[in-house]
Structures are given as C-alpha cells and as structure tokens.
Amino acid sequence: MAEPLLTFRQVQHRHTVANPTPLRPWAKRQGAGIVGLDLDLYAGSVLGLVGPNGAGKTTLLRMMAGVLPIQEGTVVGHAGSTREVDVVDLRTWAGHMPEQVRWQGRVSVRQVLEQLSEMRGESSHQLDGLLKLVGLRQRAEDHLDNLSQGMRQRLSIAVALLGSPKVLLLDEPFNGLDPVASEAFASLVRRLAAKGVCVVISSHMVNQLEGLIDRIALLHRGQLLDEGPLAEVERRLGLEGRYVIQGRGSMVPEEILADLDTELLQHEEDVSTWSITIRGEQDAVLDACRKAALDIISWSPARPNLVEWLCAATGMTFEDVSLEVTSAAFLPMRGAEVGEDE
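In our numbering, the protein residues as written are 1294 to 1635.
To be clear, the hints were calculated from the coordinates, so they are not data collected in a lab.
Treat the numbers as computed from the prediction; the structure is a model and nothing was measured.
For glycine and all other residues, C-beta sits at the position ideal for the given N, C-alpha and C.
Certain hints may be false.
Said to hold, decoys possible - Have a look at the derived ranges for each label pair, beta carbon to beta carbon:
id, residue 1, residue 2, range
1, Ala1295, Asp1379, 43 to 53 Å
2, Gly1531, Pro1362, 30 to 40 Å
3, Asp1507, Ala1477, 18 to 28 Å
4, Thr1309, Asp1435, 36 to 46 Å
Kindly produce the complete structure, drawing on both the sequences and the hints.
Structure follows, in structure tokens:
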C-alpha cells in the first residue's frame, strides 16, 4: 500500500458547552465532538466521509483544515517515502471548502481571488491557471451576484486551492446542485485527484458518491466505525455481493431459488413488473430465471444506503440509527455520547 500523505492518530476535539449551576452560572463542560479517531489520507485518492446529520463530519473537516484545534492526539505528515514530519499547522497542508459560502456582491470572480491571494501573501500570477482548472476562466469578470449555485461552488473550490494544498476538504459540496452541475463538479474532483491532490468529501448521501470515491469512512456519533476501499469495507460489514434483478410479469422467488446457494434479501412485485435483491450466486439465479422463461429487464449490483452501512457497522436497528436514538446499544461508544449539530 502507498505511503499515506497525512496520518491522524487518536485525535480529538470536543466542543465546550454551557453547564451553568446556581453558584457557577458561567461553568462549562466538554460536549459533542470527535473522539479517538485514527485516519490515513492518501495522495491522489478521493475519500468519502459518510455519516448522518450530527455524526461529526463538519467538526472533523474543520480539524483537518486547522480551523479547530486538535486537543489530543498527533498528526504526522509524510514528505517522502521515508521522511516523516510533525504537522504543526494543518492550514499549510489543506484547503477547506465549507458547506455554505454566501458569495454575493458587485465584485468579480477575479477580484475575489486576487484579494484572497493578497491576504494569504501569495502571488496572483497563477490565477488564470486556477480559473481554467475550475472552469471559471470565461466567467472571471462576472459579478458574484450573477453566478449560479454551481459556479459559486466552483469559486469556493478555487479559493480552497489557493496555495496549492496537498489535501482538499469539501463539506457537502453537492448541496443545491442539479444533476448536470453535480456531474460537472464530480468531474472536477476527478481531475484534481489525478493531479495528486487528496480529496475528502463529506456527505450523508452515499449514492452521491457512487463512482467518485476510492475509499469510504463511516462516521457516527463522533467516532470512526470503519474506513478503507469501498469493496473492502463492504466485505467486512457483510454488504458485498448483492444484486438486483428486475423483470416483467410475475415470479415466485421460492420456486426459482429453491436449489441455489442464494439469500433472498428483498422481493417486490406490482401489476406488471417484479424485482428481487439477492446475495450469492447471481449467475446461477440469472440462469434459473432464463430457464423459467422469465422476462428479465435489468441486472445490476445493489449498493447499500447510509442506514444499511450504519446498521451493519454498529449492530443497531433502523430505529436506533435514525434521528431519534432510543437505546444505548451502540457498542463502540467510549463512555461519553458524542455527536455534532451540523
């Protein structure tokens, strides 16, 4: 495996919240946040940071960006195949795109980038190349008020890329984008990764990251449940090898699957079509369907959704991983309840 670019070991940041008492109205205590997290970031890879609202995704990205201090733990950077350096300021490594940046005003795209470059003490000679990279070269003189949401997202990425960071952190970047803008944005992320940039994308929608990410990190209540290449995490959690077969007419799964080493996960049927989700010998099932003269419309892999990921990783039920947590059956918890309002 390639050497990681950045290594986070047992890092923690917990927010301070008010805890007033009659005698100490100013008292505070540690609240939600990130606890004991281990994570490696790799150059040229796209990591999907996935979790429900309140999992701690925004807090973790702000820690990685150097916006929030790392209260405990260590961060090590890898400057070569053998040399490790202690990371004192993550802001020199990472560019950060927050979830909401309200670009508005009668200044142009180029003026914004020039002003921010000057504030960072950097040269503005590379701005044309940066504008070309994010697809804004033809809109460089447009005022912020005239930009679409997709263009504003591109501008946010351009700002995050000032200084040529090794790590690009994107917080819910697909929010508010239509399908065309989303695909254009994903294409930009792929180009950046191809140039060797490590891209971390936070999302609570796994399907948005399909075909884009190389690795996935599951975050829940401020803790990292699992991380790694998508196929490896699916295998560890028992979510691999699932397929959906759709057809016309009707079918009886018990008759088709009776002699096959296959698990039927779901069966749906309406007036004119049917659908089954299976795990196991998909080729044998397709062959059985053909022998039964079933009219097959499609066959495709079935990827788990966020709830399935979390249920498999925690052993909790759907009700427990929903917004209303009704039990304390979360085995990996380390004593204190951790989360985040995002």
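Flag every earlier hint the structure violates by its number, smallest first. Per hint list: single violation, 1.
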